[in-house]
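Asker: Protein chains in written order, with our numbering: chain A, 1 to 239; chain B, 1 to 768; chain C, 1 to 245.
No wet-lab data here; the hints were simulated from the structure.
Each residue gets a CB set at the ideal place from its N, CA and C atoms; glycine is no exception.
Take these hints with a grain of salt, some might be off.
[Stated by the list, open to error] Derived contacts from chain C toward chain B, CB cut-off under 8 Å, selection only:
1. Gly-25
2. Gly-31
3. Arg-159
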Amino acid sequence: MATLERPVLRYRRNQRIVHAVLATSFLLLLLTGMMLLWGPASRFAGGGTSRLVHRIAALGYMSVPIGYLLADRAGAIELVRESFRYDRDDIAWFKHMYRYALGRTREMPPQGRLNAGQKLHHAFVIVVSVGVVGTGLTLWFLKSSLGPDWLAFTTLMHDLCMLGLTLFLVGHLYFTYVYKALSGMTTGYVDAVEARLEHAKWVEELAASPQPAHATDPAHAITKTNKTTTTTYRKGKKQ
Amino acid sequence: MAVQPGPNGRVKLNITRRSFLKAGATAGTLAALGRPTGSLAQKRPGAEIPWYRTGTIETTYNNCDMCPWRCGVLVHTVDGVVRKIEGNPADPKSRGMLCARGQGGVSFVYDPDRLQSPMIRTGERGDGQFREVTWEEALDYSAAKILAIRDTYGPESLAIFGHTSGDFWFTDYFAQAFGTPNAAKPSSSLCLSPREEAFKLMTGLAVGGHEPVDWDGLQCLTLIGSHIGEDARNTVMQDFSNAWARGARVVVVDPRFSSVAAKADYWLPIKPGTDTALLLAWANVLIDEDLYDAGYVADWVAGFDDYAGHVSELTPEWAEAITEIPAETIRTTARVMAENRPRSAIMPGRHVTWYGTDTQRMRAVYAINALLGAYGRQGGMYFNKSAYLEAYPHPPFAVAGSSGGCSAEPGEESDELPLGPSGKARADGARTSFLRGATAMQELIDPMISGEPYPIKGLVTYGVNLFNSIPNVPRTVEAVKELDFFLAVDVLPMEHIAWADVVFPEATFVERYDELWAVPYKTPFISMREPAIEPLYDTRPGWWMARELGIRVGLDNYFQWETAEEYLDKRLLSVGSSLEKMRAQNGVIVQSGKPYLEDFGEASPFTTTSARIELYSEDLAQAGLDPMPVYEPTEEPPAGFYRLLYGRHPVHTFAKTQNTPLLSDLYPENELWLNQRRADEEGVTSGDRVWLENQDGARSGPIKVKATQRIRPDAVFMVHGFGQQSAGLSRADGKGASDTKLQTRYKLDPISGGAGMRVNFVKLVKEV
Amino acid sequence: MAMAFLLDLGRCIGCQACSAACKTGNELAAGTQFIRLIEQTRGEFPDLSGGFTNHRCYHCADAACVNVCPTGALYKEDGLTRTSRDICSGCGYCVEACPFGVPEMVDGLSSKCDGCADTVRAGGEPWCVVTCPSNALEFGEREEIVKEARERVTAMRARYPKARVYGEDEAGGLGVVMVLPDDPDVLDLPVDPAPGALINTWTGIVQPATLALTAGATVAAGVMGVIARRNHMLELKALEEGEEA
């Protein structure tokens, strides 16, 4: 383990760019959309500039899956696949998620490069984005042919989708803060200790391979589950 | 400047702008005044600061010039810009309300297409090439031309056509002082003459500008072709609405299901041109069924027995075959009219020059009203009266006026026509081609071409849209080419402006003082017009132009006043008032009238020989004309053609307002009302554009089809005043079709000289 | 105090003075009208009936446009539906939601009659009412207006037996109480112009809930984040100490 004391490369440049586009466009969408919910803020929506921004950001948001596929096809596909595949450790992780949420990783089952929560986050974002993009495009292009009831339904669904995504965003930022994970998306590297704590299976894998497996084939690196890994921390803590 | 006749002979005005540096101090001041900041059209709805909050509102008194009705208005200005015109609550006509056109007054004033400077023609007539000149030059030049005509041919050879509310200065005052009997108003022979002559023949009285229907107690109203609501005279709409809501019966005779027909209890979709038959049949029913007011007839009607005999065979069954109105409907409506007598009347209407038989039709109208006992009875027809007001003292006129118009007094119909200074009477054929009445404008066109009975070599138009009001436009164009001199006074570059030798740009009604308005009414009143703002650009009021021109042609004695205020105060002195006092009493002086029979005591209000309403006319009999109205069939449309009917739209006046931004916005182009079934047969639908071609091959268009159930299959209808061809009118140019240009024919009314214009037929030509 | 217009479609003769007065009084841009008159024709020549309906804001008490407006640019005041264009986002939902199809987008912003808010606040009457030559328009306290409408209907029944008041209760009570000569469906007016339940769910529940949940989650995450991070730091520290040991 001592060999992994230096920071670990967690997200490569292309991934970071994709994430940055996603994050920026989402925040712009959220800001320009949320403005409309609160009178004082909605003043700034006057004149329609915010709508233009909203639509440009929407283009950015919708370009993310395409961009990811172009930049890193295997990674993109794997991300989707991984988001919907959960093993027993993941289930166990969810069972004790409240501990993780309270900053106590040592009690958690060992996780791969993505922990179960991250996978669920990805899955949620993928599914709900389809909803938010669908309703958004409807409002953009078909607004005038919806009629009062379908308009209300569509906006209602759009808002609910965004509410879900926003709540997940709050959680996302929360975990980033608690686990000092921001560097993963800025420099690409995370603290080795943190990595070891939160993604034990992944770290072991990295250690096992002379050349970091994820550097050549990140998909394999993170999907190989090592069933022999012990659950030391958990047992230890439980006693 | 290159000559640029546009498509369809459209003419562009190419004006060499005069530098304001050369224009002198006045022009400089006016130029500085300029257009209002924040042009009205550019303002966004819901502007944060509404106009009435942007500064101090100043209010001036005026009467509206957006139609001839002249409602009293309040003109609100903010920081020297007119922002809103409202009805003057003290005015007997507007009563604080205003129609769409009146509301459009502001937009009319600030129409960027307005004529801005005096101009003298530099190219050929019709080319529209002008140079801007100073007023001095324009006036001197015009005076020289007018004097040359006077010296060569006599003052009678100058024709003056005037319309709109300043027409007094040129058509009445200047014309009579100068000595031309050939001053004419379209409001006479192209509009009211048959109505006025019929009434004078029967009662000796004038109908007057404001039809004297006694609305307050009216219980049954009958309209023959009058389309209240589309004809948006403010007071009439108010009065009609109140009478209708009170439950007054309404009978509407119209080939078209007009706005008011939709309010009617009985709509009679009459075959066009057959109204007289209906009126005679109504008289038949009233007399045959003893429904008429026998007491009134005994006291006030002469020639009843003749009339009863005349209509005895003219039964509803006879009329049904002619009018296509079921005999039973004719009987029912006659009974409804009679049940409500004497609070029952047929409104005389305004534009009645339809078929050349119009004086007789109007006599048949008045005969019904007489049988109903309506004249001088409450709720029937009141006797109107003009306000007492002395004229400004002036030397005797060189010739008596005969232009008529909607504000005209009845006047004496002398046996001999008044002669001008060189011994010539009117050149319009009065007494030869027609019997009597005001000067017939359209009959002055031929003398310009033929020189018979004597040449008319000069023409002054004041506010007359020459090519969009007088039928047979090709003849008018030819006549204008023959003139020695053509001066056009107008606010906008109307089509005929391109043909003028000199153009005087006039200040609009909110930029000028004007003659006092004293129209005959139930309660006579005087209303005033004062400027709300200085004239924009280098424009001037009509009175100023007439005076300056008058002084230059040697009429100084007639123009002894220096300012309009001086003139007006002098006149108002005769009623113990002044401009100042008028302002203090809300801009209106109201006097009392004598509306009913009882107001005359033992005397008769009727000024005929018999002092009664004469159903039988000796005058007409002597002239070899029918002494009682006879139904004369009018020519039928040839196969494939429709009779061309025309009328009004509530947001437009004549051919005057089509370019006014606000009003153009509300109704930018006219439509062709075509019976739905006929539209299906023609293979056209609403919105399709078609050209119209008349029986003589004249074309106008394209015009949008309005396929509708609301019109008979044998006629089409369009709003008058569209289809103007003047590139200077940025909004009106080429919009819709011109009814006038499709009226290559008209039928002269042998009594009044009116030009019957509903004798033209059109067919649809699909756009390729 | 609830104010209302009276619109008497029996009296209205289609002269458009209201449209023009509204345009000049409010200085509406070319192409913009808060009042449009629509000619109606029923039947076939020569058996016809018809008249005019007004296409204008009816100032619904339960106004779909207000309910749907995300910013509060449309709001109710004195029974009328006012507009604040400065906070309009131009989303255009009001255009779609209105059962009468009244609001329009002008310069990217919602545009409709606001009952001449300025002049009325100053004690005046709306421009259209001031000018109407056929007395088809009145303005006043809603109670009075409803009373007047009923009286007019009673009088009108002699001529039109099916005459009725419209807008007394429709859409929670319209701010334009109409005197109709016939049934509303005959006059192309919606029989029941109430806004759908979905719109109310959206603006009444989902929108405030969204704001509240988001704000609540953010605050909770903030507070909890501090605790959790401390926990985690302690955990790390313990780990370090353990390793060192």
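Asker: The structure should be examined with respect to each hint, and the outcome stated for every one.
Answerer: Verification of the supplied hints:
Against a cut-off of 8 Å between C-beta atoms, the interface hint on C/Gly-25 holds, since the closest Cβ of chain B lies about 6 Å away. With a cut of 8 Å, the hint placing C/Gly-31 at the interface with chain B holds, because the nearest CB-to-CB distance is about 7 Å. Satisfaction of the interface hint for C/Arg-159 is found here, the shortest Cβ-Cβ separation to chain B being roughly 7 Å, below the 8 Å cut-off.
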